[in-house]
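The listed protein sequences correspond, in order, to chains X and B.
Quick note: the first sequence, position 55, residue 55 per this note's numbering, numbers continuous.
Quick note: the second sequence, position 379, residue 379 per this note's numbering, numbers continuous.
Please note: incorrect hints may appear among the correct ones.
Pairs of lysine-lysine, DSBU-like flavour, derived with a Cα cap of 30 Å [as the list claims (entries may be wrong)]:
(1) B:K378 - B:K332
(2) B:K374 - X:K70
(3) X:K191 - B:K254
(4) B:K254 - B:K483
(5) B:K155 - B:K374
(6) B:K417 - B:K150
(7) X:K191 - B:K150
(8) X:K166 - B:K150
(9) X:K191 - B:K101
(10) B:K507 - B:K483
(11) B:K417 - B:K305
(12) X:K191 - B:K377
(13) B:K150 - B:K305
(14) B:K507 - X:K191
(15) B:K417 - B:K493
(16) B:K101 - B:K150
(17) B:K417 - B:K378
(18) B:K374 - B:K417
(19) B:K155 - B:K305
(20) B:K155 - B:K332
(21) B:K493 - B:K507
(22) B:K493 - B:K254
(23) B:K378 - X:K191
(24) B:K483 - B:K417
Coverage of chain X stretches by chain B, computed from C-beta distances (three or more under 8 Å per stretch; other residues unrestricted) [claimed, not checked]:
(25) 48–55
(26) 93–105
(27) 112–120
(28) 184–192
Since the hints were made in silico from the structure, they are not lab data.
Even glycine gets a Cβ: it sits at the ideal position worked out from N, Cα and C.
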Amino acid sequence: MIRQILPEQFNTSACVPKKDDGMSGAGKSETLRLGFMETMEVDGRGHIGGLLITNQNGRPLEFQCTTPVKPNRTQEILFGETLRSWLLGELIGSTLLDRVAIKPNIIITSDPNLLELRNHTSIPVACAADAKSKLAEQGCTLRIGGSILRFHEGHQLDAESLNKQKHLIPDAADLAEPLERVREALAETVKTVFAR
Amino acid sequence: MSEFDFDDDAKFADDVEFTGEPEVSASGYLDTGLEHVASGDSRPPLAESIAEAKRSTRIDVAQTGFNPALSRMPSIETQTVSLNTVLDFVPSWTARRIPMKCIGLTLPEGIEFLPPKADSTKSSDGVELKRIGPAKKVEEESDGVEKPRKVTRIKPPADALSLQDRLFYLLQPPLESWLAEQELIMPFEPFGYQYEGIAWLFSSHSALLADEMGLGKTMQTITAIRLLLRSGQARRIVLICPKPLIPNWQREFKTWAEELPVVTVEGNGQRRRMLWTMPGIPILIANYESMTRDIADIPEDEQPKFDLLVLDEAQRVKNRESRTAEAARSIKRRRSWALTGTPIENRPEELGALFEFLEVVPKGSCPDLRQLQKLAKKYILRRTKDVVMSDMPPRIDRDAELELTDAQEYAYRTAEKEGIIQLNELGDTITVQHVFELVLRLKQITNYDPFTGESAKLERLLADMEEIGASGGKAILFSQWTKTIDWLAPKLKEFNPLIYHGGVPTKQREPILAKFKEDPNAHILLMSYGTGAVGLNLQFAGYVFLFDRWWNPAIEDQAINRAHRIGVKNPVIVTRFISKNTIEERIDRVLSEKRALFAAILGDGDNNNVSLGLNATEIFGLFDLKARHKGGSKSIGPKPVEPQTDAA
Chain X
1 MIRQILPEQF NTSACVPKKD DGMSGAGKSE TLRLGFMETM EVDGRGHIGG LLITNQNGRP
61 LEFQCTTPVK PNRTQEILFG ETLRSWLLGE LIGSTLLDRV AIKPNIIITS DPNLLELRNH
121 TSIPVACAAD AKSKLAEQGC TLRIGGSILR FHEGHQLDAE SLNKQKHLIP DAADLAEPLE
181 RVREALAETV KTVFAR
Chain B
1 MSEFDFDDDA KFADDVEFTG EPEVSASGYL DTGLEHVASG DSRPPLAESI AEAKRSTRID
61 VAQTGFNPAL SRMPSIETQT VSLNTVLDFV PSWTARRIPM KCIGLTLPEG IEFLPPKADS
121 TKSSDGVELK RIGPAKKVEE ESDGVEKPRK VTRIKPPADA LSLQDRLFYL LQPPLESWLA
181 EQELIMPFEP FGYQYEGIAW LFSSHSALLA DEMGLGKTMQ TITAIRLLLR SGQARRIVLI
241 CPKPLIPNWQ REFKTWAEEL PVVTVEGNGQ RRRMLWTMPG IPILIANYES MTRDIADIPE
301 DEQPKFDLLV LDEAQRVKNR ESRTAEAARS IKRRRSWALT GTPIENRPEE LGALFEFLEV
361 VPKGSCPDLR QLQKLAKKYI LRRTKDVVMS DMPPRIDRDA ELELTDAQEY AYRTAEKEGI
421 IQLNELGDTI TVQHVFELVL RLKQITNYDP FTGESAKLER LLADMEEIGA SGGKAILFSQ
481 WTKTIDWLAP KLKEFNPLIY HGGVPTKQRE PILAKFKEDP NAHILLMSYG TGAVGLNLQF
541 AGYVFLFDRW WNPAIEDQAI NRAHRIGVKN PVIVTRFISK NTIEERIDRV LSEKRALFAA
601 ILGDGDNNNV SLGLNATEIF GLFDLKARHK GGSKSIGPKP VEPQTDAA
């Protein structure tokens, strides 16, 4: 509703992978770039987000993180329950995706709020959950290694497209592990830069 | 009421003119009676309204004598009050994108994936992306099956100050999965402590890996080098080691990282110089002598610059004044690693020299014990078997304190008495070498009496060997002297002894070791410390005899570790022969006292492997002598005088 009333200002075109380096992976058909996105709250300063791009084996290729962003009181009131998904998924997520030079083929996160990002990009966004968790039972899912990927309910075809490239990811890959790296990197960034 | 209507009424009211007396209520308030005038749609004519106003405007006034003034009509004026008619929507709000800054890092392996004309490495509001190292080809890797296991994360080094540098290490995957993905062909799965060592080396610019012998320093170093090369952190690496160990390193590189090209500096001077200065050689191996000689011959402007310099057996640079140490320090490099199982051989100052090589202390500085402890904590990684190999069969040490036989006792006392007399007769001309010769003579007598051939140690050895031979076991015996080994061999004939010492031609050595391993009847291998202490894997031997004691327990430990090392399946029983009431006992006591002091530097867990030698004062002290100088007799301070032996 809010977006219907208020002007939509985000330009999502930057998030769309280019033809020669994006989803199709043309020319490098056997490579897959995975994006791992996490956010964390910095005491009194808002939220920061980080996006780590790796190859299919988890080797880091690029990392971006934002400065803290904090919604004001008006935004808190007007966005209501959608504030978190707007802030994390739409605002921080889009910024990070726009910023990375190496566009991922899929974005994996542990925060369901970040699934909102899928409405602003053509790149599939999935929420990784432990195969045994209840979260895994919701919606359209895809099992990779020890993780279950849950996709945005409005973009269920993402699971099918990723399923075609699933063989590139090692069976034993732990998709939750790189998210831990992102959280550590965010904590280090907060400690090093923003805590000054 | 509409705005228009209201204004019209106001005009109407403005035109009202009162001619009659106003009626003032008792309360003093003016009652104009205009309510009905302003209301209703049909308005009465003006004259009637005025007349009506006169009638209704009546004032009740107390009689105060001012009636004439009160009879005048009051002057009433009306005023138009403007109302705020424009409604403003305050505050106005539109959804704006909250400005954010980004901090970015492109890793070497990612550079290949950057869009051809990507300009996103720099932006007005973003921090410039930092490129670490050169672009590197990303490996195409197959789907390796990885089992869930403990993960070893690479921690950023304490001296990495920039955020980008720290993030580089933090963002690396766990070492286990990283190595699994590289399709590494490994003889066996590294142990957990080895993963930790690899991760520590990988992130260290200055590192002294001082693991106890047999824990795999070589493997850890090679794997860390491999990761540095793969991650683009290093392109040119030089490894310096003692000449006899070069084949060992070549073999280990082939085992652990066979795809890495390794070039050894050898040949004539021109070729060696070409190899030193030729860029593009990922790994160069050179011996200490070559390094000392060749580096000095290369002009300053042609001096090679390496991303990593590794010194194996780094105790070679313990004397910071030596040409070897100076040459090692002069090599230009970004990272410095030192490998040694014996970071302290004699004095704490040796550790200071190693820290100087690592460039973590100023040149010529002499850190005190407390500073050394602090530096050791930061730059030294030392693990002992006791700590990391809890599942490794134990090493059981037992000191066999033996009484000399009568003939040995007589020979020993006589030699000692005569020797001390001779030393005293030398007066001021006495040197440590004189004392040292006496010590050697006495130690030889404790092995066996040269005249009668009696030997308490041999008796004990034969008794033990009977049991070992009967059970099909194998033993290694170490002695300081080839002469002793040759003397022992015929006496151990029933156990099919094999001899391995400096007198055996090099080509014959390998078959001897092979025979000892494969021949079930060969129960004992007689080795000299000098030849057999380093680089051999004899973990199938369950017994080690130290027939006589070496000057330095570190050498003894190296010898013992030929048998007690990774791969050993059963406990290793180590028997040290010590002749009671002899020089051997005194030496052992002095060394034990020194252990306690130096253990403090390397930690409590290092109680068995701190290597210590005797200095001149201590050697003189073995006979209650004092060193003589021209000016008279005085104690010798802890000068770096290392006794040299005539060992094979």
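Do the hints match the structure? See the list:
1. B:K378 - B:K332: This hinted pair holds, its Cα atoms lying about 23 Å apart.
2. B:K374 - X:K70: Given pair B:K374, X:K70 is violated - Cα atoms ~43 Å apart, limit 30 Å.
3. X:K191 - B:K254: violated (43 Å)
4. B:K254 - B:K483: Distance of about 38 Å is beyond 30 Å: violated.
5. B:K155 - B:K374: holds (19 Å)
6. B:K417 - B:K150: Violated, at roughly 63 Å.
7. X:K191 - B:K150: Within the cut-off at roughly 27 Å; holds.
8. X:K166 - B:K150: Distance of about 25 Å is within 30 Å: holds.
9. X:K191 - B:K101: Answer holds: X:K191 to B:K101 is near 17 Å, not above 30 Å.
10. B:K507 - B:K483: holds (21 Å)
11. B:K417 - B:K305: violated (59 Å)
12. X:K191 - B:K377: The given pair, whose Cα atoms are some 24 Å apart, holds under the 30 Å limit.
13. B:K150 - B:K305: violated (38 Å)
14. B:K507 - X:K191: violated (61 Å)
15. B:K417 - B:K493: Status violated; Cα separation ~36 Å.
16. B:K101 - B:K150: The given pair, whose Cα atoms are some 36 Å apart, is violated under the 30 Å limit.
17. B:K417 - B:K378: Violated, at about 51 Å.
18. B:K374 - B:K417: This hinted pair is violated, its Cα atoms lying about 47 Å apart.
19. B:K155 - B:K305: holds (27 Å)
20. B:K155 - B:K332: Distance of about 26 Å is within 30 Å: holds.
21. B:K493 - B:K507: holds (24 Å)
22. B:K493 - B:K254: Roughly 39 Å separates the two Cα atoms, so the pair is violated.
23. B:K378 - X:K191: Distance ~21 Å between B:K378 and X:K191 Cα, so the pair holds.
24. B:K483 - B:K417: Distance ~24 Å between B:K483 and B:K417 Cα, so the pair holds.
25. 48–55: holds (count 4)
26. 93–105: holds (count 6)
27. 112–120: violated (count 0)
28. 184–192: holds (count 5)
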